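Based on the provided sequences and hints, a complete structural model is requested.
Which chain is which? The protein sequence lines are F and G, in order. So in our numbering, spot 299 of the first sequence is number 299, and the numbers just go up one at a time. So our numbering is basically just the index in the second sequence, starting at one, shifted up by 370.
All the given hints hold, so there is nothing to weed out.
Stretch-level coverage of chain G by chain F, calculated; a stretch enters the list once three of its residues show a Cβ under 8 Å from a Cβ in chain F:
| id | segment |
| --- | --- |
| 1 | 416-422 |
| 2 | 492-504 |
Covered stretches of chain F (in silico footprint by chain G; criterion: 3 or more residues with CB under 8 Å from a CB of chain G, positions within the stretch not fixed):
| id | segment |
| --- | --- |
| 3 | 61-67 |
| 4 | 181-195 |
Everything labelled a hint here was simulated from the structure, so no lab data went into it. Remember, predicted model here, so these are calculated numbers, not experimental data. All C-beta atoms in this analysis are idealised placements derived from N, C-alpha and C, irrespective of residue type, glycine included.
Below are the chains, spelled out letter by letter.
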Amino acid sequence: MISSFVHGDESEQQKRRRRLIVIAIVGSVSLVVAAWLVTQISEVVILFIVSLLIFYLVDPLVIAAERLFRVNRLGAIVMFYAGCLIFGVLGIMFLLPLVVDQFNNAYDLLNSEDVRSDLLQRIQFLLDEYLSFLPTDDLNQRVTDFGTAAISDVATFLLGLLSLLSMSIVVPFILFFLLKDGAGMRKKLVSSVPNRFFELSLNLLDTIDRHLGTYIRGQLMVAGSVGSLSTIALWILGVPYFFVIGMMAGLANLIPYLGPVAGMVPAVGISIVFFDELAPLWGTGYNALWEPLIAVVVAFAMIQLIDNVALSPFIVSKSTDLHPLTVLITVIAGGRMFGMIGLLLGVPVVSIVKVVTRDIIWHFRHYRLL
Amino acid sequence: MRDSLWANIFKREDQMQRTIVDRLRGVPLFNELREKDLARIAQITHIRTYEPGESVFFQGEPGVGMYIVEQGLVSIVLNLPDEEPHKLTDLEEGDFFGELALLDESPRSADAVAQTSCTLIGFFRPDLLDLLERIPKLGARVILELSRIVGARLRSSNDEVQQLKIQLSRLDEGNEIT
Chain F
1 MISSFVHGDE SEQQKRRRRL IVIAIVGSVS LVVAAWLVTQ ISEVVILFIV
51 SLLIFYLVDP LVIAAERLFR VNRLGAIVMF YAGCLIFGVL GIMFLLPLVV
101 DQFNNAYDLL NSEDVRSDLL QRIQFLLDEY LSFLPTDDLN QRVTDFGTAA
151 ISDVATFLLG LLSLLSMSIV VPFILFFLLK DGAGMRKKLV SSVPNRFFEL
201 SLNLLDTIDR HLGTYIRGQL MVAGSVGSLS TIALWILGVP YFFVIGMMAG
251 LANLIPYLGP VAGMVPAVGI SIVFFDELAP LWGTGYNALW EPLIAVVVAF
301 AMIQLIDNVA LSPFIVSKST DLHPLTVLIT VIAGGRMFGM IGLLLGVPVV
351 SIVKVVTRDI IWHFRHYRLL
Chain G
371 MRDSLWANIF KREDQMQRTI VDRLRGVPLF NELREKDLAR IAQITHIRTY
421 EPGESVFFQG EPGVGMYIVE QGLVSIVLNL PDEEPHKLTD LEEGDFFGEL
471 ALLDESPRSA DAVAQTSCTL IGFFRPDLLD LLERIPKLGA RVILELSRIV
521 GARLRSSNDE VQQLKIQLSR LDEGNEIT
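Written as C-alpha cells, this is what we have:
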C-alpha cells in the first residue's frame, strides 16, 4: 500500500517534470522561431510595436471621451481622430517647418566634412589646452575614430527616424483597428481556449494588459517630460537645433543608464561646434570657453535629477527595472539586429517580455499548471 | 443567396443575444437594469459549454468572475483535507455562482463541476472593471446590486452563527445541570 503510494507519487512527479521539460523545449523553440520571424519582418514588427505603444497611450483618452461625451466606442475614436487632425494641421502649419528645417540642417551639418573636421579640431584644441598631460598622439586618433563613428551613428539614426516617419502612414490604420476591435479580438481569442485554461487565459490577458498599459504609459510620459524639459532648457541656453536634440534626449531616456548620457552627447557636440555663437551669450575670457558646455551638462544633470526624484518614482514601477548588464546586452543586441530603432526600443521590449513572463509564471503556478 | 447567408448569421447572433438578455434579467445582480443596459452587459459576457464531469473551476485557484447556468446542471463541491469531496449544492438553469470573484482575485472556495452537458454564461471581473471605466453609471448599478447580495448573504451568515452560538450555549448549560 505504502509502496504503491510512493510509486504513485513518484510517477506524478515524473509526469510533472516531463511536462516542464516539454513546456521548456516548446517555449524555447517558439521563442527562437518568433525571434527569427521578427528579424525577417522587422519593419512590420516595428510598425506594429509603435502602434501598440500609441494604443496604450491613447486608449485611456478614448475611454475618457466615451464617458465624458456619452458616445459609443466608435464615436469616441472618431472624436479622437478629429482632434488629432486639428492638432495635426496646426502642428504642420506652425511646428513642422521648424522641425523639418532643424532635422535637415542637423543632418546636413553632421554629414558635412568641414563641420566634422572643425568639431574634431575644437575637441583637439580643448584637449591640448586643458588636458595636455594626456598622451595626445594616441588620443588624437582615438577621438577622431570615436567622433567619426558617433557622428555617422547619429546621422544614421536621423535618417532611420525619417524613413520610419514616412512608413508611419500605416500606424493610424493599425491604431484604429486596435482601438475599435481590440476588446472583441481579445474576447474571440479567449473564446477559443479550452475550458481548463479559460479562466487562466482571461485573468492572464487582463493582468498583462494592465501591467503593459502602466509600463508603456509611464515610459512614454517620462520620455515626453524629459524631451520637453531638455528642449526648453536647450532653447533657454540658446543651443541651436534645440528641438531635434531635445526630442532625441527624450527618446534616448527610454534606455536606462546609457540613455541620459547618449542624450547629452549631441547637445555637447553642437555646443562645441557653435561655441562661437554661444560664447557671446556667456561673456568672454577664460570662462567663456567652458561655460556654455558646463551649462548644457548642468541642465541635463538637473533634468536627470528631476526625472529620478520627481518623475520616475511616481510614474514608472520599479518592478520592471532591468539589471544593468541586461540593459547593456539588450542595447548591443537591439542595435545589431534593428539598428538605431532596435537600440532605442530594445530595453522597453525586453522589459515588456519580463513583465509578460512574470505574469505567465505567476498564473501558471496559481492555476497549478507548473 | 449571399444576403440570406448573412441574414441567417445575424439572426442567429440576435437570437443568442436575446437569450442571454432573458437569462440575465432573471439574475438578481441584473434584474434592476433597463433593457438597453442588459443588452450592453450581454455583449460583454462569454458563452462556455462543458461536457458532463468537466470542471468549470477548481477550489483554491484565483477567481475571475461569475457564471449563470443557461442550460444543464452544475454541482458545487467542497474538498476538505483527508475527507471525501462534499457536494454543497446542485445548480440548474437560471442559477448563478462564483459572483464573489467579481470583487477580487481571492481563491475559489469550492470546485464547480458540470453534471450534465452545460451551457454557461460567464460575466468576468476584467469586463466589469472595464464597464465601470466606460459607463460608470451602469457599472456602479451592477456593483451596488452585488453589494446588496453580498450584504444579505453576510446578514444571513451572521444570523446562522448567532443561532449556532445560542444552541451551543444551551448545550453547555444542559451539560452543566446534568
